[in-house]
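K.L.:
Given next are the chains, with one letter for each unit.
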Amino acid sequence: MVKVAPRFSEFAEAVKTISGLDVNLCFQCAKCASGCPVSYAMDYTPTQLIHAIQLGLTDLVMNSKTMWLCASCQTCSTRCPQDVDLAGVMDAVRIIAQRKKIKAKIPEVPIFYRSSLRNIALFGRMYELGLIATLKLLTRSFTKDMGLGLRMLRKGKLNIFPSFKGALAARRIFSQVKAREKR
Amino acid sequence: MKYAYYPGCSSHSTAKEYDHSLRAVCSRLGIELVEIKDWFCCGSTPAHSVSRLLASALPLGNLAIVQKMGFKEVVVPCASCFSRFKTALHDLQNEPRLREEIGQIIEGNWGDDITVYHPLQIFSEEPQLGKISSLAKQGLAGLKVVCYYGCLLTRPPKVTEFDTCEYPESMDRVLRALGIATLDWSYKTDCCGAAFALTRTDIVLKLSHDILEGAKSVGADAIAVACPLCHTNLDTRQEEIEKTYGADYKLPILYFTQLMGISFGLSSQELLLEKHLVSPQRKLEEVKQHA
Numbered sequence: 001m002v003k004v005a006p007r008f009s010e011f012a013e014a015v016k017t018i019s020g021l022d023v024n025l026c027f028q029c030a031k032c033a034s035g036c037p038v039s040y041a042m043d044y045t046p047t048q049l050i051h052a053i054q055l056g057l058t059d060l061v062m063n064s065k066t067m068w069l070c071a072s073c074q075t076c077s078t079r080c081p082q083d084v085d086l087a088g089v090m091d092a093v094r095i096i097a098q099r100k101k102i103k104a105k106i107p108e109v110p111i112f113y114r115s116s117l118r119n120i121a122l123f124g125r126m127y128e129l130g131l132i133a134t135l136k137l138l139t140r141s142f143t144k145d146m147g148l149g150l151r152m153l154r155k156g157k158l159n160i161f162p163s164f165k166g167a168l169a170a171r172r173i174f175s176q177v178k179a180r181e182k183r
Numbered sequence: 001m002k003y004a005y006y007p008g009c010s011s012h013s014t015a016k017e018y019d020h021s022l023r024a025v026c027s028r029l030g031i032e033l034v035e036i037k038d039w040f041c042c043g044s045t046p047a048h049s050v051s052r053l054l055a056s057a058l059p060l061g062n063l064a065i066v067q068k069m070g071f072k073e074v075v076v077p078c079a080s081c082f083s084r085f086k087t088a089l090h091d092l093q094n095e096p097r098l099r100e101e102i103g104q105i106i107e108g109n110w111g112d113d114i115t116v117y118h119p120l121q122i123f124s125e126e127p128q129l130g131k132i133s134s135l136a137k138q139g140l141a142g143l144k145v146v147c148y149y150g151c152l153l154t155r156p157p158k159v160t161e162f163d164t165c166e167y168p169e170s171m172d173r174v175l176r177a178l179g180i181a182t183l184d185w186s187y188k189t190d191c192c193g194a195a196f197a198l199t200r201t202d203i204v205l206k207l208s209h210d211i212l213e214g215a216k217s218v219g220a221d222a223i224a225v226a227c228p229l230c231h232t233n234l235d236t237r238q239e240e241i242e243k244t245y246g247a248d249y250k251l252p253i254l255y256f257t258q259l260m261g262i263s264f265g266l267s268s269q270e271l272l273l274e275k276h277l278v279s280p281q282r283k284l285e286e287v288k289q290h291a
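Chains as they are written, first to last, in our numbering: chain A, 1 to 183; chain B, 1 to 291.
None of these hints come from the bench; they were simulated from the model. Ideal Cβ placement from N, Cα and C applies to all residues, glycine included. Any given hint could turn out to be false.
[To be verified] Simulated pairs of lysine-lysine, DSSO-like, Cα-Cα distance not exceeding 27 Å: (1) K288/B <-> K155/A; (2) K250/B <-> K216/B; (3) K72/B <-> K155/A; (4) K288/B <-> K250/B; (5) K158/B <-> K31/A; (6) K206/B <-> K136/A; (7) K68/B <-> K165/A; (8) K165/A <-> K2/B; (9) K216/B <-> K144/B; (10) K144/B <-> K31/A; (11) K16/B <-> K31/A; (12) K155/A <-> K16/B; (13) K275/B <-> K165/A; (14) K100/A <-> K16/A; (15) K144/A <-> K250/B; (16) K288/B <-> K144/A; (17) K16/B <-> K136/A; (18) K37/B <-> K178/A; (19) K275/B <-> K144/A; (20) K206/B <-> K105/A; (21) K65/A <-> K216/B; (22) K68/B <-> K136/A; (23) K178/A <-> K103/A; (24) K144/A <-> K100/A; (25) K283/B <-> K155/A; (26) K206/B <-> K144/A; (27) K165/A <-> K37/B; (28) K188/B <-> K206/B; (29) K165/A <-> K72/B; (30) K243/B <-> K144/A; (31) K158/B <-> K16/A; (32) K243/B <-> K136/A; (33) K275/B <-> K250/B; (34) K243/B <-> K155/A; (35) K178/A <-> K68/B; (36) K16/B <-> K165/A; (37) K155/A <-> K250/B.
[As the list claims (entries may be wrong)] Negatives, chain A to chain B, calculated, CB over 12 Å: (38) F8; (39) N24; (40) L25.
Please construct the entire structure, taking both the sequences and the accompanying hints into account.
P.N.:
Structural data, given as structure tokens:
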């Protein structure tokens, strides 16, 4: 592994605190951007985003589409010659943005996260139809995928009613985590 | 052989056919799967995008139940769940602070000596591989299949400890043991768009289109998968992809366990073959007639 002269960026420190990952190990070879299946839709490539974190360009990063469009496919983390877990860095940036209540450039993605977690906290197991209904309400996309949804219902691929198995144990974990993270 | 079994949320909805076919082929192979009592969701992408602690605690909470049930090995068929379980165990081993915090959240022992297996890891090794070969009855020799592993079974390799990460062969080995011709192709571990299905469907359409196109270009009759999300994107979105890109695929997407079941002579009701939106029946009939 190549040693890179340490630079100080508060943002890079914040990423490290959350994820334990050191973005300063990146020497900008761009292997992550070349292998990224979603880079075509991003405003900054993963390589550019990690550079911006190194430089402490918080506003640029927080207002980018990049972390919200990361599919967590782990291709970058697998191929990085410096062993930087970039998918983990993307997680950390998403977490910081959500904690700071930054208005996301791709708002439907954090809405999807929050709705999914609320769904799991309530039912213990994902209740897909409930999640879809919540997403439609929150993103006002009522007609999207209507036909497909009905076909899937007819095929019995979506359950009408939720299950509550495991709900108690899951809820306990959610409230414990919440209490710890508030401190 | 007896394993604890974590079916995962999609096994009750979009991926019932994966759960049914896995249980059916395991019973033929003499593998007993004992479902984890009152298991709950692993948290998947939403959890690791919102809280690292939650992302670790949900899988480890399930492993605590496995531990209580007296098992040391658990089978996790969903690639996304598999990845979350393996990641939680990996992080636990490498981050002392996380270990301390988890210890205060989950009562009792969460069992970091538990081994998490994807069924392909069991089926692609002896003694199961030999057994699979001896149970193969129905001639599927004419069926040309590409194996699609997706992202999370193999990546990142230090976490998943699964096969080779850029060009895995375990599913190919299992299907070849059934006499199925599996083809070489370039999209084995490319991403289908995963959890963007509900939020940025355009991304799923593009990435899944690339995969379908890759399968078609090598002359595949079907794609075999090992992940419920991959299946949903490639099967239920296929018609929309055809419309968007002006393409014509009608490519059946089958769980590798369904192909095993067909080969073992199990009925299509047992394997829930009728659940797919792209029906595999015609292709299978053609192959049987040629056999």
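K.L.:
Each hint: holds or not?
P.N.:
Here is how each hint holds up against the structure:
Taking the CA atoms of K288/B and K155/A, the gap is about 26 Å. The hint holds against a cut of 27 Å. The straight-line distance between the Cα atoms of K250/B and K216/B is roughly 10 Å, inside the 27 Å bound, and the hint therefore holds. Annotation: proposed proximity of K72/B to K155/A is violated, straight-line Cα distance about 36 Å (limit 27 Å). For the given pair, K288/B sits about 18 Å from K250/B by alpha-carbon distance, which is consistent with the 27 Å threshold.
With a C-alpha separation of about 19 Å, the suggested pair K158/B and K31/A falls inside the 27 Å cut-off, and the hint holds. The suggested pairing of K206/B with K136/A holds, with an alpha-carbon distance near 22 Å, which does not exceed 27 Å. For the hint linking K68/B to K165/A, the alpha-carbon distance of about 17 Å falls within 27 Å, and the restraint holds. Taking the CA atoms of K165/A and K2/B, the gap is about 23 Å. The hint holds against a cut of 27 Å.
Only pairs whose Cα atoms come within 27 Å are accepted, and K216/B paired with K144/B is accepted, the gap being roughly 11 Å. Using a Cα cut-off of 27 Å, the hinted pair K144/B and K31/A is violated, with the two alpha carbons roughly 33 Å apart. Using a Cα cut-off of 27 Å, the hinted pair K16/B and K31/A is violated, with the two alpha carbons roughly 38 Å apart. The suggested pairing of K155/A with K16/B holds, with an alpha-carbon distance near 11 Å, which does not exceed 27 Å.
Among the hinted pairs, K275/B with K165/A is consistent with the structure: their alpha-carbon atoms are about 25 Å apart, no more than 27 Å. For a cut-off of 27 Å, the pair hint linking K100/A to K16/A stands: about 17 Å separates their Cα positions. A distance of roughly 23 Å separates the Cα atoms of K144/A and K250/B; the hinted pair therefore holds under the 27 Å criterion. With a CA separation close to 39 Å, the supplied pair K288/B and K144/A exceeds the 27 Å bound.
Proximity of K16/B to K136/A is assessed by CA-CA distance (about 24 Å); at most 27 Å being required, the pair is judged to hold. Between K37/B and K178/A the alpha-carbon distance is near 25 Å, which keeps this suggested pair within the 27 Å criterion. Pair hint K275/B plus K144/A holds up; C-alpha atoms about 22 Å apart against a cutoff of 27 Å. Taken as a hint, the K206/B and K105/A pair is honoured in the structure, with Cα atoms around 21 Å apart against an allowance of 27 Å.
Between the alpha carbons of K65/A and K216/B the distance comes to roughly 32 Å, so the proposed pair goes past 27 Å and is violated. At most 27 Å may separate the alpha-carbon atoms for a hinted pair to count; K68/B and K136/A exceed this at roughly 40 Å. The straight-line distance between the Cα atoms of K178/A and K103/A is roughly 22 Å, inside the 27 Å bound, and the hint therefore holds. Annotation: proposed proximity of K144/A to K100/A is violated, straight-line Cα distance about 30 Å (limit 27 Å).
Between K283/B and K155/A the CA atoms are separated by roughly 20 Å; this keeps the pair inside 27 Å, and the hint holds. With a C-alpha separation of about 17 Å, the suggested pairing of K206/B with K144/A holds against the 27 Å cut-off. With a CA separation close to 9 Å, the supplied pair K165/A and K37/B stays within the 27 Å bound. Of the supplied pair hints, the one linking K188/B and K206/B holds, its CA atoms being roughly 16 Å apart against a limit of 27 Å.
The hinted pair formed by K165/A and K72/B meets the criterion: a straight-line CA distance of about 23 Å does not exceed 27 Å. With a CA separation close to 16 Å, the supplied pair K243/B and K144/A stays within the 27 Å bound. At roughly 20 Å between alpha-carbon atoms, K158/B and K16/A fall within 27 Å of each other, so this suggested pair holds. Among the hinted pairs, K243/B with K136/A is consistent with the structure: their alpha-carbon atoms are about 23 Å apart, no more than 27 Å.
A distance of roughly 15 Å separates the Cα atoms of K275/B and K250/B; the hinted pair therefore holds under the 27 Å criterion. Of the pairs offered as hints, the one joining K243/B and K155/A holds, with about 21 Å between alpha carbons and a cut-off of 27 Å not exceeded. A C-alpha spacing of about 25 Å is found between K178/A and K68/B, which places the hinted pair at or below 27 Å, so the restraint holds. Between K16/B and K165/A, the direct Cα distance comes to roughly 17 Å. Compliance with the 27 Å bound is thereby established for this hinted pair.
The hinted pair formed by K155/A and K250/B meets the criterion: a straight-line CA distance of about 18 Å does not exceed 27 Å. In this structure F8/A is separated from chain B by more than 12 Å, as the shortest Cβ-Cβ distance comes to about 23 Å. With a cut of 12 Å on Cβ distances, N24/A stays outside the contact zone with chain B, its closest approach being about 19 Å. The claim that L25/A is not at the interface with chain B holds, since no C-beta of that chain comes within 12 Å of its own (minimum 15 Å).
The structure is inconsistent with the numbered hints 3, 10, 11, 16, 21, 22, 24, although it conforms to all the rest.
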